[in-house]
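**Student:** One letter stands for each residue in the lines below.
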Amino acid sequence: MRTRDWEEDNEEERRLAAALRQLAAATPITPNFCARVLAVARPSSPTAPAAASAATPLQAHPRHPLRLPYRLRLASGALAAGLCLSLAVNGWLTFRMRAIPALRQELAAMQAQVREAQAERRQWQAQHAEMAQQLVALQEREQAKTPPAPVVEPGVDLRGRPYTVAMLAQALFPEVPLSRRRGEGRQGPSAPASLLHSSGKAFVVLPLTFPPASAALQPHYSHDLDMLGNVLTLGRYAAYRVQIAGHTDSLEAPGTEPALSRQRAEEVQRYLVQHFGMAPERLLVQGYGASQPYATNATPEGRNQNRRVEIVSLKP
Amino acid sequence: MNEDSPQQSWDEMIETSIRKGQRYAGQGLQAAAETQFCIAFEVLVRSYQRAVIGFCCNMLREEGPQVEDIAQEIFLAIWKTLPQFRHAARIRTWVFTIARYHCLDVWRQRAHHGRAAASREDSEQTTPAAPPSLHEQYEHHDWLAWVQRALLQLSPADREVLVLTYIAELPPAEIAHVLGLAEASVRTRRKRALDRLREIVAYENS
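Sequences listed follow chains A and B, in order. Mind the numbering: the first sequence is residues 1 to 316 in the working numbering, read in order. Mind the numbering: the second sequence is residues 1 to 206 in the working numbering, read in order.
I should point out that these hints are in silico values taken from the structure, not numbers from a laboratory. Note that CB positions come from ideal geometry on N, CA and C, so glycine has one too. Worth double-checking, as some hints may not be accurate.
To be verified - Partner residues are not named here, just some residues of chain B that face chain A (Cβ under 8 Å, in silico):
#	residue
1	Arg46
2	Asn58
3	Glu68
4	Leu144
5	Ile167
6	Leu194
Taking the hints into account, I'd like the entire structure generated from these sequences.
**Tutor:** And the structure:
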């Protein structure tokens, strides 16, 4: 390696090179040179390694002979920590998992309870439905037994409500259909059902109001009386007779109630005969006094209502 | 070459011992570190003593006990800095760097002390103490003496290059490292030095 790194150009240079090398090889050395040098060097040996140790003061203490590299120690520490952690977690989980069978049993029991409750509820619902059906059946039977009571509508009381001739006619003569051409009774929605008189006949309370202890007809009642006259003089009702019933309240004329009520009825009859030329035989007059109160006599309003004239239709 | 492989193996052994010693010192095992350094130093001394003494002899025109004292000082300096060897260069280069610096120190000291001693040495035609084997080849002994005399008459720079090349037996790259030059300039210097040596030898011969 060393002697062939360069080449001498000519023979002389090669000779010189060889001479120099031989000079080197022939250098005189005293035999104990090496021993002398070593003997001088060795006593000062503490200084050489001491310099090295002074440069690293942190590692002055003796280290464990079996000391793993840093990374290996890190890895083993992490492994040990992980192992401990996993063991702890395992133990805790096992301890908690002991409760699972008991919890499962509880769950099963509660589910059974729920099912029982649901069955019970279904039973009760069935029972309830049954009983509702029975109730409905009973009600129907009850209704079928008793005829429906006649609906008493205050609409036949013509006082204070607008009415038409058709309504008046329907109220007085409900069994007669209004329009013969249709072939059936035309019951309008506002057609008043007939009140059943105590005698079982249809009647209408005329919209006439009388002051207490007076039988005088007001002039503006002529409209209502005209409508009544028109109805009564219709051809289809020619065969019918009506009773004009007069009433009083119990306080206006004590002792003379029948006379006063008869007077009120006679006034209406006189008007009808005079204006419409009806035969008096068709208009029967009757005075009931205070025997048939329409409303209570305790209040003034009730007494107002009791002073009235009714038209009762009689059979032809 | 036969010389190469043993020397290389010695160098490796020295380096390994130094490394071990430094590791033990880093771990705090003082005794083991000392042992390793002692091993390294002994092997170093035994293998480099001839080369270092030859280096000093031819560089400084000294011989005999003075040369050995200088060589001893060189080896002690090596022993002191052995634990801090940074393994940046080869052992051989490192050894001869230290040797060269020591020789330069001696030169400076001598230049300081005056020229009288230098001139006295120049005038002496000292011949190296030849080993007994060369007595037989009288011609050869004469030739070697001439070469040595011529070498001593070279300028220090040329002498340095030749000594490092043929006595220290360093490759041109290592010589460039030791002298702090480029390798090409080392080669040119060596060539010039050989030329001058040849001239001097031819002049002396004639």
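**Student:** Please flag the earlier hints that this structure goes against, numbers listed from lowest up.
**Tutor:** none
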